[in-house]
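Q: Please build the complete structure, drawing on both the sequences and the hints.
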Amino acid sequence: MILFGKKLTNNYGLEIALFHHLRQFADGLTLFNVNVNWDRYLSDHTPRFLCHIVACNYTLIEINIYYLYHNNDRHE
1 MILFGKKLTN NYGLEIALFH HLRQFADGLT LFNVNVNWDR YLSDHTPRFL
51 CHIVACNYTL IEINIYYLYH NNDRHE
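In the working numbering, the protein residues as written are 1 to 76.
Simulated from the structure, these hints should not be mistaken for lab results.
For glycine and all other residues, C-beta sits at the position ideal for the given N, C-alpha and C.
A few of these clues could be false.
[As the list claims (entries may be wrong)] Derived CB-CB ranges, DEER-like:
#1 25 <-> 68: 11 to 21 Å
#2 58 <-> 37: 15 to 25 Å
#3 10 <-> 51: 16 to 26 Å
A: Structural data, given as structure tokens:
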């Protein structure tokens, strides 16, 4: 697995994961799955953008851009 993380701004961070083994074939098989999500609902670490591509039980790429802090701190 290759991981990369970086603080983009004072409030947002970036995480990228490449070629991560998710599970054994004996546990099941995910042939292909793509998830793209832009979550703006106010909860912990949102807003958040996520792009996750899985093939044959491996994450090919996962990109996550998210709010670094808990929103409870921001709204009180």
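Q: Evaluate each hint against the coordinates.
A: Hint by hint, here is what the structure shows:
Judged by the Cβ atoms, the range 11 to 21 Å given for residue 25 and residue 68 is violated: they are separated by roughly 36 Å. For residue 58 and residue 37, the hinted distance range of 15 to 25 Å is satisfied, since their beta carbons lie about 20 Å from each other. In this structure the supplied range 16 to 26 Å holds for residue 10 paired with residue 51, their Cβ-Cβ distance being about 23 Å.
The structure does not agree with numbered hint 1 stated previously, though it agrees with all others.
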